[in-house]
Amino acid sequence: MRILLLLAIGLLLFIIFRNLYRQIKNERQIEQTEKMVRCEQCGLHLLEQEAIQKNQHYFCTTEHLEAYQHQK
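Residues 1 to 72 (my numbering) are what the sequence shown spells out, left to right.
Take these hints with a grain of salt, some might be off.
[To be verified] Per label pair, the in silico range of CB-to-CB distance: (1) Q56 with I9: 50 to 60 Å; (2) E27 with Q69: 38 to 48 Å; (3) R2 with E48: 53 to 63 Å; (4) L5 with M36: 49 to 59 Å; (5) L11 with L44: 49 to 59 Å; (6) Q49 with N26: 41 to 51 Å.
Since the hints were derived computationally from the structure, they do not count as laboratory data. Beta carbons: idealized from backbone N, C-alpha and C, even for Gly.
Turn these sequences into a full structure, and let the hints guide you.
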């Protein structure tokens with residue numbers, strides 16, 4: 001009887017720790033996601049760190065930046 005009780009407690013602890021580990025892992029993955037932005041000229045979505053930013057507008061290439069400035 002004691003063995004069954006110990007096995008049940010061990011299984012319960014295993015399930016609890018496994019779920020906690022998964023939650024921590026998921027939170028880390030969410031934090032690591034990167035922001036995507038849209039090119040004002042062609043609409044291409046790219047990572048914010050790869051985009052060219054000018055006056056709160058994002059562009060995928062310098063050609064699109066220049067074309068956008070000439071349109072205004």
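Verification of the supplied hints:
1. Q56 with I9: 50 to 60 Å: Holds: the Cβ-Cβ distance is about 57 Å, inside 50 to 60 Å.
2. E27 with Q69: 38 to 48 Å: 41 Å, holds
3. R2 with E48: 53 to 63 Å: The hinted range 53 to 63 Å holds for R2 and E48, with Cβ atoms some 58 Å apart.
4. L5 with M36: 49 to 59 Å: 52 Å, holds
5. L11 with L44: 49 to 59 Å: 51 Å, holds
6. Q49 with N26: 41 to 51 Å: 23 Å, violated
In summary, the one numbered hint that this structure violates is 6.
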